[in-house]
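Sequence lines, in order, name chains A and B.
Residues 1 to 314 in my numbering are what the first sequence spells out, letter by letter.
Residues 1 to 256 in my numbering are what the second sequence spells out, letter by letter.
These are computed hints drawn from the structure, not numbers from a lab.
Check the hints yourself; a few may be wrong.
Calculated pairs, EDC-like style, for lysine to aspartate or glutamate (alpha carbon to alpha carbon, straight line, at most 20 angstroms) [to be verified]:
#	chain 1	residue 1	chain 2	residue 2
1	B	76	A	188
2	B	96	A	186
3	B	207	B	247
4	B	76	A	187
5	B	96	A	188
6	B	96	A	300
7	B	6	B	61
8	B	59	A	188
9	B	96	A	187
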Amino acid sequence: MRNRQWIPGALCAAGLLITVVLDKTQWLDQYLVQILMYIGINIILTVSLNLVNGYMGEFSVGHAAFMGLGAYASAFFSLSILPKSALFFPAALLAGGVCAGLAGFLIALVAFKARDDYLAIITLALLMIVKSALDNMPWFGGPQGYQGIQKYTNLSWVFACAALAVVTVRNVVYSNFGRGIIALRDDEVAADLVSVNTRAVKIFAFVISSFLAGIAGGLFAHLIQFINPRSFSIGKSTDIMLMLYLGGSGSIVGSMLGAGIWTVLLEILRFCGIWRFVVAPVALIVLMIYRPSGIMGGREWRLFVPREGDHGRK
Amino acid sequence: MGANNKPFFSVNNLTHSFGGLTAVSGFDLTVEPESVWGIIGPNGAGKTTIFNLITGVYKADEGSVALWGEELVGLKSHRIVGRGIARTFQNIRLFKSMSVIDNIRTGAYGRLRYPWYSCLLRSGRFRSAENQVRQECCAILEKFGLADRRHQPAASLPYGVQRKIELARALISRPVLLLLDEPGAGMNPAELDALADLVLWVRQEFKVAILIIEHRMPLVMKVCQQVRVLNFGRTLFTGKPGDLRGDAAVVRAYLG
Numbered sequence: 001m002r003n004r005q006w007i008p009g010a011l012c013a014a015g016l017l018i019t020v021v022l023d024k025t026q027w028l029d030q031y032l033v034q035i036l037m038y039i040g041i042n043i044i045l046t047v048s049l050n051l052v053n054g055y056m057g058e059f060s061v062g063h064a065a066f067m068g069l070g071a072y073a074s075a076f077f078s079l080s081i082l083p084k085s086a087l088f089f090p091a092a093l094l095a096g097g098v099c100a101g102l103a104g105f106l107i108a109l110v111a112f113k114a115r116d117d118y119l120a121i122i123t124l125a126l127l128m129i130v131k132s133a134l135d136n137m138p139w140f141g142g143p144q145g146y147q148g149i150q151k152y153t154n155l156s157w158v159f160a161c162a163a164l165a166v167v168t169v170r171n172v173v174y175s176n177f178g179r180g181i182i183a184l185r186d187d188e189v190a191a192d193l194v195s196v197n198t199r200a201v202k203i204f205a206f207v208i209s210s211f212l213a214g215i216a217g218g219l220f221a222h223l224i225q226f227i228n229p230r231s232f233s234i235g236k237s238t239d240i241m242l243m244l245y246l247g248g249s250g251s252i253v254g255s256m257l258g259a260g261i262w263t264v265l266l267e268i269l270r271f272c273g274i275w276r277f278v279v280a281p282v283a284l285i286v287l288m289i290y291r292p293s294g295i296m297g298g299r300e301w302r303l304f305v306p307r308e309g310d311h312g313r314k
Numbered sequence: 001m002g003a004n005n006k007p008f009f010s011v012n013n014l015t016h017s018f019g020g021l022t023a024v025s026g027f028d029l030t031v032e033p034e035s036v037w038g039i040i041g042p043n044g045a046g047k048t049t050i051f052n053l054i055t056g057v058y059k060a061d062e063g064s065v066a067l068w069g070e071e072l073v074g075l076k077s078h079r080i081v082g083r084g085i086a087r088t089f090q091n092i093r094l095f096k097s098m099s100v101i102d103n104i105r106t107g108a109y110g111r112l113r114y115p116w117y118s119c120l121l122r123s124g125r126f127r128s129a130e131n132q133v134r135q136e137c138c139a140i141l142e143k144f145g146l147a148d149r150r151h152q153p154a155a156s157l158p159y160g161v162q163r164k165i166e167l168a169r170a171l172i173s174r175p176v177l178l179l180l181d182e183p184g185a186g187m188n189p190a191e192l193d194a195l196a197d198l199v200l201w202v203r204q205e206f207k208v209a210i211l212i213i214e215h216r217m218p219l220v221m222k223v224c225q226q227v228r229v230l231n232f233g234r235t236l237f238t239g240k241p242g243d244l245r246g247d248a249a250v251v252r253a254y255l256g
């Protein structure tokens, strides 16, 4: 087969060009653009959770907390520290990502002393800590929420960040670290005994994952311009997990499909009013019964597997 | 003998108990480079525990394990592999969702050193390091005659092949001492014979010393230069495999 390595890069470039044009000309209906942006943000969240809950086989339920930390941190930076200009938006996003990543690092140090159910409980505790901390910080608006954030997020920023998140996760998965991550999912003791530094690998994966969630949070904050602690509760974490398992954990394409389908489904079902929160989960239950491994079932599109001489032919 | 007259591999007074049960007590062993030792004994004699103590799965209550005079007790498992001790498992423990070559590449994890950001950026350093390891893995698969199976899922392969993959995964870390935990379990006499040849070939090809835990006497007789018999964590016999049958204590405890 011929070398198709140029395709992902070309897709990214084309996508970025299209989204920049769409932002400038506003050809698309603004409601549609809004949904596309939600999909992009959800892709970042799902793909990053996939690293921990999918490839590494852990069960973190605290992803919304990192998103929230990223949202508040980047909003704080763009409102109070950085000059008020869209030029500094990337810096604000980065600040959100770094804060979430740091929090992820601290949590990982503690949380990975435990596994499975215990990790779930620790990350659940984190979720509650973050929410009640934000509720009780008056300078961030407390329960009323953080207001006055500029609308810097547009389609091209979302696209660029989502593409970067996907590439990042792909590059981690198809590397030495990625093999370590998958090895410790399959058999942690054996991984350790064939020279994988399992503790370092877990921390690395968790930090990357929370950093990306923080970026998604920053995009979210500068999109809806108003954030409050309730946006980052267990409900949000559940949403991200739904998208992950819907698409199929352990697959990057699966995460993207899951995020896209779930976001669109919730919009389509909007006419059902409050009932959409019944219809959608029922749809999910049906899927879990008939296809528990998700849409992709751990498989990957060829396009997302980096060629390294050995993934293709001899 | 090593550079400064330190023994190649020595275990002194290794002792470990689980709760009140002493699994290994006062175990001593000195291994010469590129020699093959057999460790045999009835079930529950503490054989696998000794492997787990050497490789850092458990931390010894007492005693020392040293490679070229450097203490290993207290090191994490992955560091011990880095020092040159690799092992296989009694019940094969391959990474089930990985292909053959990825299983083996994971064995080179500790040797593959590049900073985390070069994996994100796919830098030249990342690519040259990954390429080199991939070539080494292909070479080792070639030696084991598994080259054309390298993209197959490891879990789908027959038992004997999985044993070989596990062996290759251990060898890719460039060990000087290889621990094999019952490699002959579940094999018929013909397969056992082939395994004996394989073990001897591995010793010669990869210049490793080998410690084998084994129940199957034909294998022990064929490959081991020295044999240690354990019972209830204590040493019953040390010597050449040929002298085993002449030892009254061994016959009583083990051979019946």
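So, going through the hints one by one against the coordinates:
no., hint, verdict
1, 76(B) x 188(A), "holds (13 angstroms)"
2, 96(B) x 186(A), "holds (6 angstroms)"
3, 207(B) x 247(B), "violated (32 angstroms)"
4, 76(B) x 187(A), "holds (17 angstroms)"
5, 96(B) x 188(A), "holds (12 angstroms)"
6, 96(B) x 300(A), "holds (17 angstroms)"
7, 6(B) x 61(B), "violated (24 angstroms)"
8, 59(B) x 188(A), "holds (17 angstroms)"
9, 96(B) x 187(A), "holds (8 angstroms)"
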